[in-house]
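*Asks:* Okay, here's what each chain looks like letter by letter:
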Amino acid sequence: MGNVIGIGAAPKRKEDQRFLTGRGNYVSDIKRPGMAAGVFVRSPHGHAILRDIDKSAALGAPGIVAVLTGDDVAADGLGSLPCGWGITDAKGVPMKEPPFPMLAQGKVRFVGDMVAFVVAETVEQANSAAELLAIDYEVLPSVVGVLDAVHPGAPQLFDDVPNNVCCDWELGDKGAVETAFRKAAHVAKLSLVNNRLIGNPMEPRAAIAEYEPGTDRYTLWSTSQFPHVVRFLMGALVLKIPQHKLRVVAPDVGGGFGVKQFHYGEEAVITWAARRVMRPIKWVASRSEGYVSDRHGRDHVTEAELALDETGKFLAFRVKTLANMGGYLSTFGPNIPTNLYGPLLSGVYTMPAIYCNVKVVFTNTVPVDAYRGAGRPEATFVLERIVDVAAAEMGIDRVEIRRRNMIPKEAYPYQTPVLVQYDSGDPMGCLDGALVAADVKNFGARKAASQRKGKFRGLGYSTYVEACGLAPSRFAGRLGARGGLYESATVRVHPTGQVTVMIGTHNHGQGHETTFAQIVSDKLGVPFENVDIVFGDTDRVQFGMGTYGSRSLVVGGAALSKAADKVIVKGKKIAAHLLEAAEVDIQFEAGKFSVAGTDRTKTFEEIAGAAYVPHDYPLEVLEPGLEEQAYYDPVNFTYPGGCHIAEVEVDPETGTVTLVNYTAVDDVGTVINPMIVEGQLHGGIVQGVGQALYENAVYDDGSGQLLSGSLMDYCMPRADHLPMMKVATHSTLCTHTPMGVKGCGEVGTIGSPAAVINAVVDALSHLGVTHVDMPATPNRIWRLLQNASLPVAAE
Amino acid sequence: MQISFTLNGRPTTVEVEPATLVAELLREQLNLTGTHIGCDTSQCGACVVHLNGLPVKSCTLLAPALDGATLLTIEGLQGAPGSNRLHPMQEAFRENHGLQCGFCTPGMVMTAVALAKDKPSLTEAEVRHGLEGNICRCTGYQNIVLSVISGAAAMHAAAKGE
Numbered sequence: 013m014g015n016v017i018g019i020g021a022a023p024k025r026k027e028d029q030r031f032l033t034g035r036g037n038y039v040s041d042i043k044r045p046g047m048a049a050g051v052f053v054r055s056p057h058g059h060a061i062l063r064d065i066d067k068s069a070a071l072g073a074p075g076i077v078a079v080l081t082g083d084d085v086a087a088d089g090l091g092s093l094p095c096g097w098g099i100t101d102a103k104g105v106p107m108k109e110p111p112f113p114m115l116a117q118g119k120v121r122f123v124g125d126m127v128a129f130v131v132a133e134t135v136e137q138a139n140s141a142a143e144l145l146a147i148d149y150e151v152l153p154s155v156v157g158v159l160d161a162v163h164p165g166a167p168q169l170f171d172d173v174p175n176n177v178c179c180d181w182e183l184g185d186k187g188a189v190e191t192a193f194r195k196a197a198h199v200a201k202l203s204l205v206n207n208r209l210i211g212n213p214m215e216p217r218a219a220i221a222e223y224e225p226g227t228d229r230y231t232l233w234s235t236s237q238f239p240h241v242v243r244f245l246m247g248a249l250v251l252k253i254p255q256h257k258l259r260v261v262a263p264d265v266g267g268g269f270g271v272k273q274f275h276y277g278e279e280a281v282i283t284w285a286a287r288r289v290m291r292p293i294k295w296v297a298s299r300s301e302g303y304v305s306d307r308h309g310r311d312h313v314t315e316a317e318l319a320l321d322e323t324g325k326f327l328a329f330r331v332k333t334l335a336n337m338g339g340y341l342s343t344f345g346p347n348i349p350t351n352l353y354g355p356l357l358s359g360v361y362t363m364p365a366i367y368c369n370v371k372v373v374f375t376n377t378v379p380v381d382a383y384r385g386a387g388r389p390e391a392t393f394v395l396e397r398i399v400d401v402a403a404a405e406m407g408i409d410r411v412e413i414r415r416r417n418m419i420p421k422e423a424y425p426y427q428t429p430v431l432v433q434y435d436s437g438d439p440m441g442c443l444d445g446a447l448v449a450a451d452v453k454n455f456g457a458r459k460a461a462s463q464r465k466g467k468f469r470g471l472g473y474s475t476y477v478e479a480c481g482l483a484p485s486r487f488a489g490r491l492g493a494r495g496g497l498y499e500s501a502t503v504r505v506h507p508t509g510q511v512t513v514m515i516g517t518h519n520h521g522q523g524h525e526t527t528f529a530q531i532v533s534d535k536l537g538v539p540f541e542n543v544d545i546v547f548g549d550t551d552r553v554q555f556g557m558g559t560y561g562s563r564s565l566v567v568g569g570a571a572l573s574k575a576a577d578k579v580i581v582k583g584k585k586i587a588a589h590l591l592e593a594a595e596v597d598i599q600f601e602a603g604k605f606s607v608a609g610t611d612r613t614k615t616f617e618e619i620a621g622a623a624y625v626p627h628d629y630p631l632e633v634l635e636p637g638l639e640e641q642a643y644y645d646p647v648n649f650t651y652p653g654g655c656h657i658a659e660v661e662v663d664p665e666t667g668t669v670t671l672v673n674y675t676a677v678d679d680v681g682t683v684i685n686p687m688i689v690e691g692q693l694h695g696g697i698v699q700g701v702g703q704a705l706y707e708n709a710v711y712d713d714g715s716g717q718l719l720s721g722s723l724m725d726y727c728m729p730r731a732d733h734l735p736m737m738k739v740a741t742h743s744t745l746c747t748h749t750p751m752g753v754k755g756c757g758e759v760g761t762i763g764s765p766a767a768v769i770n771a772v773v774d775a776l777s778h779l780g781v782t783h784v785d786m787p788a789t790p791n792r793i794w795r796l797l798q799n800a801s802l803p804v805a806a807e
Numbered sequence: 025m026q027i028s029f030t031l032n033g034r035p036t037t038v039e040v041e042p043a044t045l046v047a048e049l050l051r052e053q054l055n056l057t058g059t060h061i062g063c064d065t066s067q068c069g070a071c072v073v074h075l076n077g078l079p080v081k082s083c084t085l086l087a088p089a090l091d092g093a094t095l096l097t098i099e100g101l102q103g104a105p106g107s108n109r110l111h112p113m114q115e116a117f118r119e120n121h122g123l124q125c126g127f128c129t130p131g132m133v134m135t136a137v138a139l140a141k142d143k144p145s146l147t148e149a150e151v152r153h154g155l156e157g158n159i160c161r162c163t164g165y166q167n168i169v170l171s172v173i174s175g176a177a178a179m180h181a182a183a184k185g186e
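Line by line, the protein sequences are chains A and B. To convert, take the position in the first sequence, counting from 1, and add 12; that gives the working numbering. To convert, take the position in the second sequence, counting from 1, and add 24; that gives the working numbering.
In short, the hints are calculated from the structure, not lab data. Heads up, a few of these hints could be off.
Taking lysine-lysine pairs in the DSS-like style, the calculated list, with each CA pair at most 30 Å apart, reads [said to hold, decoys possible]: (1) A/Lys103 <-> A/Lys459; (2) A/Lys26 <-> B/Lys141; (3) A/Lys24 <-> A/Lys453; (4) A/Lys584 <-> A/Lys574; (5) A/Lys453 <-> A/Lys738; (6) B/Lys143 <-> A/Lys24; (7) B/Lys143 <-> B/Lys184; (8) A/Lys252 <-> A/Lys108; (9) A/Lys459 <-> A/Lys738; (10) A/Lys604 <-> A/Lys24; (11) A/Lys24 <-> B/Lys141; (12) A/Lys252 <-> A/Lys43; (13) A/Lys738 <-> B/Lys143; (14) A/Lys26 <-> A/Lys459; (15) B/Lys184 <-> A/Lys585.
Part of the chain A face toward chain B, derived, beta carbon under 7 Å [stated by the list, open to error]: (16) Lys24; (17) Lys26; (18) Phe31; (19) Gly36; (20) Gly267; (21) Leu723; (22) Met724.
Every residue, glycine too, gets a C-beta built ideally from N, C-alpha and C.
I would like the entire structure built from these sequences, with the hints used as guidance.
*Replies:* Here you go:
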């Protein structure tokens with residue numbers, strides 16, 4: 013018999029055996045009897061009128077099964093792909109929400125927009141048939157950048173969306189901010205670009221759909237982070253399939269990072285097509301296809317101004333952002349640069365007034381939606397960059413200006429001027445810890461050593477907070493969410509005392525099978541090995557919102573904790589009967605029910621057995637069985653944060669930036685499994701480092717072609733780009749989650765871009781450089797050095 | 025055409041279309057789905073297998089090249105023949121939390137085993153350089169590097185019968 017492995021321990025992961033031996037079960041690994049192959053035909057143009065698609069030659073191709081287009085979708089009266097958030101402008105006018113057909117109708121609006129689905133016996137035959145489609149496009153000029161898109165005379169994506177503006181959103185007290193700026197001793201200004209990113213989970217998206225005529229049921233296997241939400245959005249709103257007739261399965265999924273948390277047109281098309289052809293159909297995206305169809309992230313152009321008094325205290329912050337939405341509204345699209353951005357602009361600072369205006373803009377690019385961090389890295393980048401700019405302009409040390417403005421630990425709970433109330437935190441403690449861990453006091457010596465080699469060394473700080481654990485439904489509803497954001501869990505205790513948990517979050521790398529088993533082992537006192545976690549199947553799991561926004565442990569773990577508590581409550585009732593004691597006298601500890609003050613006990617297994625073999629059981633007051641379910645809706649977001657310190661070396665000869673040291677001290681609340689938390693921090697940090705130094709999605713203006721459309725053109729961080737990072741936690745406990753957890757999936761990605769760019773700017777500050785846009789590629793740095801007014805050689 | 029080769033220690037004969045890639049042959053015809061396809065430009069390394077003892081990206085190799093060769097895939101890597109025991113490199117990945125979503129893992133492990141073959145003590149720099157052709161999006165590579173260093177030592181210790 014195994015051991016209880018509880019909260020704070022670091023058992024090795026339950027999921028590893030299958031992944032290490034090649035026995036994972038990803039969508040592309042699945043085969044169904046009689047399965048056909050589907051390929052999507054995508055627009056090669058950024059913007060064009062779709063005049064006609066002549067299918068006749070394709071329909072005569074060898075092995076062809078079907079060719080479906082937007083006309084077929086329209087003829088079947090199917091719905092548009094829904095947007096899950098409806099935001100409004102300052103006057104309460106709803107955003108412009110043009111339809112997003114699952115196959116293009118009348119017009120295409122980005123390279124990659126789907127125009128047809130070709131089904132054949134094999135992938136090769138489907139690809140060959142697709143080439144026989146005669147598609148008549150009338151090509152229009154494309155607009156890909158937000159500044160161009162809102163310019164008068166720009167190409168218009170939709171007839172009823174003037175100037176391509178979906179919504180002109182604002183938050184905060186504009187008047188108070190203007191008053192504060194008039195009184196300011198100093199105003200720092202910064203214009204910046206938050207570069208467009210492509211998530212690139214290593215598993216490309218894929219789907220298989222099957223229709224069973226005998227039961228009138230559909231099954232969709234999809235690389236999804238939230239199968240229940242796909243079932244609802246696709247079933248109820250797009251295909252009009254009753255929920256009980258639709259099963260969505262997301263088995264092992266090879267990374268998500270947000271890219272797989274949307275309802276994609278491919279899912280709807282393949283499910284609809286499977287019924288039309290009465291055969292299972294499989295589609296697996298190539299990586300290149302993913303580049304032009306996986307939802308992209310970030311892509312902001314921002315003007316920010318920070319007002320300070322003569323001592324460097326922040327008085328007010330004003331931010332104007334143009335946010336790229338791409339060609340259509342994706343599932344969470346308009347929520348990301350607004351509700352997940354503006355409310356984070358106070359950071360870890362006492363900021364008396366904030367005003368934020370975001371113009372959400374359509375362009376001829378892939379729709380933009382949540383990507384790890386989603387809005388919060390963008391907010392952190394603006395704030396942490398302008399704090400450095402202000403410090404430099406006012407001659408105040410960068411750490412000192414942060415200290416002067418930080419919310420002291422005693423001031424929590426802290427109400428910001430932008431909706432959110434931080435429940436707990438200790439930013440100063442994280443900063444102090446990071447300064448020591450990063451050995452900042454000896455940075456001067458390291459910088460001098462770099463100088464002797466002709467290199468420029470810089471140090472960058474990012475002290476930040478994020479809002480995660482999405483989300484309190486009431487709060488989200490007020491901001492425009494069209495659904496709830498709670499989570500559910502069922503704890504099923506078997507007659508032998510082993511436990512199966514059904515939970516609505518989805519595990520695609522986060523280690524939930526291990527972490528959640530630790531919670532159950534801890535609470536119920538059952539051996540860790542006796543707990544299995546089931547997720548990702550709408551037929552097996554009651555309901556759920558899936559995994560995104562660092563919510564799985566915070567919201568799903570809370571539901572699981574509640575359900576386990578209910579098991580204990582019921583177990584006590586059974587024990588009271590069996591032990592002939594009053595229920596209030598029953599204690600549960602370390603897997604044993606006992607009568608207080610006596611040696612009379614029943615083990616957890618004995619209670620489980622009695623629940624299912626009710627020979628001597630209080631049937632008059634209790635049902636047989638031991639299985640409990642809980643739904644949990646959080647009362648607030650959680651607010652993890654911390655301090656990241658990056659140290660870089662710049663080679664002025666080549667412009668190459670090397671990240672030489674990286675230190676993070678983060679407050680993620682209670683840590684269930686420190687090994688897994690550390691892994692999440694590593695991965696998150698490197699995704700932020702990728703944005704800062706390597707990654708950039710680039711479109712050609714005019715044609716709307718994606719220039720960075722493969723792993724050859726889009727630079728992903730690799731093993732030899734990185735140093736060994738130092739990560740540690742400095743936790744305060746969340747005051748409103750059952751276990752004090754705050755979530756840790758996104759903190760790394762939120763804190764790191766600003767730390768890295770602040771380090772790059774620091775390294776080049778002696779040359780008069782005050783800002784560097786991301787990514788800080790050798791090309792960009794080299795050009796900057798060529799244009800710098802001072803000599804390039806180190807002094 | 026018909027090809028014969030040794031696959032994970034067993035003689036194998038299959039009928040293939042000459043244009044079939046080894047990665048496709050393994051996944052589609054032989055149902056060995058541990059070899060993954062993560063890209064279409066031979067950049068990601070999720071499909072790495074060992075051909076005659078050398079690591080190759082099976083997405084760039086045509087099936088006819090296997091004729092007469094010896095091929096090892098992730099499914100053939102194990103601690104002891106016929107057992108459920110992990111190979112020392114697999115065990116090192118598990119011990120060091122060198123994997124998250126698991127998709128890049130088979131390619132990473134196969135590359136790591138090849139990297140460690142003649143080198144019991146690998147430096148961090150050697151490992152980072154040696155993993156240049158394998159992309160992981162989850163781990164930030166730190167624990168993969170630690171896994172490979174300790175896995176290399178364990179492989180050689182096991183070979184010496186320690």
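*Asks:* Hints broken by the structure, by number, lowest first?
*Replies:* Going through the list in order, the structure violates hints 1, 3, 14, 15 and 17 and respects the others.
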